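Colleague: Quick mapping for you: the protein sequence lines, in order, are chains A and B. Under my numbering, the letters of the first sequence match residues 1 to 501, in that order. Under my numbering, the letters of the second sequence match residues 1 to 153, in that order.
Simulated from the structure, these hints should not be mistaken for lab results. These figures come from a predicted structure and were not determined experimentally. Heads up, the beta-carbon is just placed ideally off N, CA and C, and yes, glycines get one too. It is possible that part of the hints are untrue.
[Said to hold, decoys possible] A short, non-exhaustive set of chain A residues, derived as facing chain B with CB atoms under 8 Å:
#, residue
1, K168
2, I413
3, I416
4, L426
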Amino acid sequence: MDLFASLGLGFSVALDPINILYCFIGVLLGTLVGVLPGIGPTATIAMLLPITFSLNPETALIMLAGIYYGAQYGGSTTAILINLPGESSAAVTAIDGYQMARKGRAGPALAAAALGSFFAGSAATFLLAAFAPPLARAALNFGAPEYFSLIVLGLLVSIALAHGSIIKALGMIVLGLLLGMVGQDIYTGTPRFTFGLRELFGGLNFVAVAVGVFGVAEILRNLENEHEREVGVKAVKNLWLTRDDLKRIVMPVLRGTGIGSLLGVLPGGGHILSSFASYSAEKRLSKHPEEFGKGAIEGVAGPESANNAAAQTSFIPLMTLGIPAHPVMALMIGAFILQGITPGPNVINEQPALFWGIIASMWIGNLLLVVLNLPLVGLWVKMLSIPYRVLFPAIVLFACIGTFSINQNIYDIYAIAFFGIVGYLLIRFGCEPAPLLLGFVLGPLLEEHLRRAMIISRGDPSIFITRPISATLLVLALAAVLVAVLPSIRKKRAEVFVEED
Amino acid sequence: MALNASRNDLASGAIFIAFGAYFALEALRYDFGTPFRMGPGFMPVVLGGMLIALGIAVAAKGLGKPDKEAAPPWPLRGIVLVLGTILFFAATIRGLGFIPVVLIAAFATALSSSRNTWLSALVISVGLCVLCLLVFVVGLGMIVPLIGPWLRF
């Protein structure tokens with residue numbers, strides 16, 4: 001099937017009125033949680049996973065994807081208006097966006113962010129459509145050793161791009177892998193770490209772990225120091241860009257799209273990294289770098305394009321290999337599995353309507369987002385005045401009810417409380433939660449492929465380095481760790497990752 | 001307290017060691033197998049050992065390097081009320097039913113913020129109860145008793 005026929009199929013799915021409705025709900029919710037600091041797309045998608053269970057697979061995934069890229073848009077609104085990134089990747093946007101807002105140019109800043117995001121999102125979705133099928137075909141030749149090496153690569157790259165201590169990140173991955181082993185052993189059926197509870201035989205509930213570590217832990221973190229937000233800008237006027245503004249943002253948007261598309265594919269937070277990379281690139285290339293930090297429109301347009309492009313291309317490893325590039329993608333895997341679909345290279349052949357439908361819906365979603373964000377910006381400004389003390393009881397309750405409704409299993413709720421407190425302690429002591437969740441999702445896959453590979457090789461571990469693809473992947477993984485420990489990169493990482501999620 | 005070490009590193013190291021030790025020790029009771037045919041105990045023992053080693057490394061790295069910033073205050077009220085609410089929800093959702101549990105749980109969680117008064121917590125809990133009923137029971141058709149068997153006479 002050629003690309004255009006496939007896209008035709010995709011649009012026929014995406015333009016179904018029900019799917020458009022849920023795409024709209026997705027981007028609306030995404031913008032909402034992107035705007036509100038203290039609740040991010042990860043926790044939201046975790047809470048909504050159970051709700052999507054009753055929907056069609058296409059509809060469910062279209063909505064969840066919409067939440068994710070919608071949050072990238074919403075995050076920039078908060079960054080520009082109150083100098084607080086609603087979403088971690090918008091931290092850079094706050095630098096120049098807020099300065100523009102203070103000079104009364106909030107309108108153009110928002111417009112530049114939205115238009116840049118729209119262009120980048122659309123272009124990167126096209127890349128996704130073009131590159132995913134050949135990659136998926138290549139991945140079909142992968143055997144157990146290749147998959148094992150690929151998962152190792154994914155896990156280790158996520159450390160290189162995560163912030164904070166590398167040993168701690170490694171520890172979080174291993175802890176995640178171990179937690180993923182709770183439940184019956186796949187080969188022998190031996191129950192492991194279940195405390196004799198039948199309810200744990202199927203493993204820990206993914207939603208409970210995600211909601212605990214990202215939702216509850218975050219709430220406890222916010223309750224440490226309560227303070228109210230201040231909205232400096234009450235009304236936004238003048239959304240139009242001048243001709244001069246337009247001229248200034250064309251190149252940054254193009255460059256940002258390129259940088260973001262490339263980095264988005266990398267596991268472990270490519271969308272955050274890409275906005276920083278784009279910002280420093282623009283500053284270096286600019287004819288008047290002194291304006292940066294004082295309200296340069298390039299400093300808004302570039303990073304915003306970059307993080308949106310990355311948000312779209314981070315679907316590539318998920319849809320072709322079944323490997324999540326970051327926690328939100330790990331949740332998407334959970335959504336696939338809830339629908340009875342194993343994510344990976346087979347999805348494109350076995351579920352073409354689903355695959356192309358999701359891709360086509362991204363264009364529609366991006367279009368909806370421009371409409372939602374520009375004319376309705378006043379509404380989002382109002383949203384910012386909802387106090388956190390009203391918000392967080394809602395988060396806790398939605399988490400409990402949502403998780404309970406999946407399996408009607410009360411042990412899942414106890415698991416939320418357990419992972420809430422463990423997650424809170426670990427975050428407080430400087431460990432990142434994202435690698436843990438990645439390890440948790442990939443743990444069972446890693447064990448399965450390792451054991452299968454060892455059976456194929458009759459117990460000879462050299463199989464991982466004698467098969468060329470597997471060896472290449474492992475070398476890349478090693479390189480990722482080496483790069484992360486190199487002193488010059490370490491310093492850069494410290495500068496880059498100053499914000500919190 | 002004059003502790004010449006990073007409290008954060010020591011604490012996270014200790015958490016890693018505790019988890020690693022639990023998984024490794026528990027997994028020793030399962031069949032370890034051979035590299036050719038790995039048993040259910042193989043991966044957990046290896047990974048548990050790695051986690052213990054990483055925990056020791058994290059703790060060792062923190063020695064002699066005290067944290068620069070003072071630790072933020074512990075949100076004790078939040079921890080007790082938020083976690084307590086979740087446990088309460090799990091323990092009573094089957095017995096008390098949806099409406100009473102949501103009302104009480106929302107009220108208690110709202111009180112964990114020092115900015116909520118009794119009155120505002122009450123308003124929040126009633127509002128949330130209506131919202132959750134609409135979203136989950138009416139909207140999504142969740143099957144749960146609204147008033148549980150414990151409250152029926």
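Colleague: Hint by hint, note whether the structure agrees.
Modeller: Hint check results:
1. K168: Since chain B brings a Cβ to about 6 Å from A:K168, closer than 8 Å, the hint holds.
2. I413: holds (4 Å)
3. I416: holds (6 Å)
4. L426: holds (6 Å)
Consistency note: the structure conflicts with none of the earlier hints.
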